[in-house]
Amino acid sequence: MRSLRAAAIMLAVAAPLPAQDIAGHIAAGDAARCRRNAEESLTHFTAALALDSMHYDALWRAAQAYVDMGKPLPNSQSARRDSLYANGLALAQRAVRVNATGTDGHFMVAVATGRVALTKGARDRVRYAGAVREEALRAIELNPRHDGAMHVMGRWNAEVQRLPGITKFFAKTFMGASIFNQASWENAVSYYNQAIEIAPSNIYHHLELGEALNDADRQAEAIPHLQQVATMALGCDPSDAAYKQQAATLLARISR
Numbered sequence: 000m001r002s003l004r005a006a007a008i009m010l011a012v013a014a015p016l017p018a019q020d021i022a023g024h025i026a027a028g029d030a031a032r033c034r035r036n037a038e039e040s041l042t043h044f045t046a047a048l049a050l051d052s053m054h055y056d057a058l059w060r061a062a063q064a065y066v067d068m069g070k071p072l073p074n075s076q077s078a079r080r081d082s083l084y085a086n087g088l089a090l091a092q093r094a095v096r097v098n099a100t101g102t103d104g105h106f107m108v109a110v111a112t113g114r115v116a117l118t119k120g121a122r123d124r125v126r127y128a129g130a131v132r133e134e135a136l137r138a139i140e141l142n143p144r145h146d147g148a149m150h151v152m153g154r155w156n157a158e159v160q161r162l163p164g165i166t167k168f169f170a171k172t173f174m175g176a177s178i179f180n181q182a183s184w185e186n187a188v189s190y191y192n193q194a195i196e197i198a199p200s201n202i203y204h205h206l207e208l209g210e211a212l213n214d215a216d217r218q219a220e221a222i223p224h225l226q227q228v229a230t231m232a233l234g235c236d237p238s239d240a241a242y243k244q245q246a247a248t249l250l251a252r253i254s255r
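If you count by numbering that gives the first Met the number 0, then the sequence shown holds residues 0 to 255, one letter each, in order.
Please note: incorrect hints may appear among the correct ones.
[As the list claims (entries may be wrong)] EDC-like mimics (lysine to aspartate or glutamate), calculated; alpha carbons at most 20 Å apart, straight line:
id, residue 1, residue 2
1, Lys70, Glu39
2, Lys70, Glu140
3, Lys119, Glu140
4, Lys70, Asp20
5, Lys70, Glu38
6, Lys119, Glu158
7, Lys70, Asp236
8, Lys70, Asp29
9, Lys70, Glu220
10, Lys243, Glu220
11, Lys70, Asp81
[Unchecked claim] Label-pair distances were calculated between CB atoms; the ranges are:
id, residue 1, residue 2, range
12, Arg126, Gln244, 24 to 34 Å
13, Ser254, Asp51, 50 to 60 Å
14, Asp216, Arg34, 46 to 56 Å
15, Gly23, Arg255, 49 to 59 Å
16, Thr100, Leu233, 26 to 36 Å
17, Thr45, Arg252, 33 to 43 Å
18, Gly120, Ala30, 37 to 47 Å
19, Gln244, Pro199, 14 to 24 Å
20, Gln244, Ala26, 38 to 48 Å
In case anyone wonders, no lab produced these hints; they're calculated from the structure. Just so it is clear, CB atoms sit at the ideal spot from N, CA and C, and this is done for glycine as well.
Using the sequences and the hints given, assemble the complete structure.
Next comes the structure, spelled out in structure tokens:
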């Protein structure tokens, strides 16, 4: 009996400690993102998915991490960037299949689809526009206080307005993209302002509102938002430092 007990004790001592659970990995991934370390956050979310490949919260967060990693990559690394965006979109779509009423899943489908679209030519972007708008509006329907979805709708309106006139004509005439008629700078500004009202400390909201106002020839209104970015603390978005630099560059150009 003593030998059996001793053997049991030895096995217990030799056994590895329990692996971190899904909740622990998600918490660690969130913390890593708020240190603006997208690679580390993805490691944790991927580990959570290894334990449960259909875990909704791990899916949309991993999708976000893939997009975070792709955003700073230059055109010289387009193959890697495009692959990261594609992975993010696939996981976001799986999140929506797992939980069709989850706001963040629809939000991340909109974000990842928009990022994929930005890697394409103008006419190809048109093909993605409807999906981006549909998913963002679905997220807003599920949660009217989702600042990220508001931001996507602001960006959607702004990007449609930035398309060359011939591309918009082609979309409306030959592709039946009548939704383009609903895009305007006024709508872009309105959605960005709603995003800021919900999350005033988000650097990205202020930067993209400033860019939209500038492109709409409303530079005087853009300047305060770009100036505000310089005073704001870095948040959880790994691109926040880059956003600050973009705001400073645009402000300097406007102020010449």
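message: Taking the Cβ atom of Thr100 and the Cβ atom of Leu233, is their distance within the range 26 to 36 Å?
response: Holds, since Thr100 and Leu233 (Cβ atoms, about 33 Å apart) stay within the stated range.
query: Do Arg126 and Gln244 keep their Cβ atoms within the hinted range of 24 to 34 Å?
result: Between Arg126 and Gln244, where Cβ atoms are some 32 Å apart, the hint holds.
query: At the C-beta level, are Gln244 and Ala26 separated by a distance inside 38 to 48 Å?
result: violated, 30 Å
task: Take a quick look at whether Lys119 and Glu158 sit within 20 Å of each other, Cα to Cα.
output: Since the Cα atoms of Lys119 and Glu158 sit roughly 13 Å apart, the hinted pair holds (cutoff 20 Å).
task: Would you check the hint for Lys119 and Glu140, treating anything up to 20 Å between C-alpha atoms as holding?
output: Between Lys119 and Glu140 the Cα gap is close to 28 Å, so the pair fails against 20 Å, i.e. violated.
task: Quickly compare the C-alpha distance for Lys70 and Asp29 to 20 Å and report which way the hint goes.
output: With Cα atoms ~18 Å apart, Lys70 and Asp29 stay inside 20 Å; holds.
task: Take the C-beta atom of Gly120 and the C-beta atom of Ala30, compute their distance, and say whether it sits inside 37 to 47 Å.
output: holds, 39 Å
message: Between the beta carbons of Gln244 and Pro199, is the distance compatible with 14 to 24 Å?
response: Since Gln244 and Pro199 have Cβ atoms about 21 Å apart, the given range 14 to 24 Å holds.
message: Is 33 to 43 Å respected by the C-beta to C-beta distance linking Thr45 and Arg252?
response: The hint (33 to 43 Å, Cβ to Cβ) holds, given that Thr45 and Arg252 are roughly 40 Å apart.
- prompt: Do Ser254 and Asp51 keep their Cβ atoms within the hinted range of 50 to 60 Å?
  reply: holds, 52 Å
message: Against the 20 Å threshold, does the CA-CA distance of Lys70 and Asp81 hold or violate the hint?
response: With a Cα-Cα distance of about 10 Å, the restraint between Lys70 and Asp81 holds, given a limit of 20 Å.
- request: May I ask you to test the hint 46 to 56 Å on the CB atoms belonging to Asp216 and Arg34?
  value: violated, 39 Å
Of the numbered hints stated above, those contradicted by the structure are hints 2, 3, 4, 9, 14, 20, listed in ascending order.
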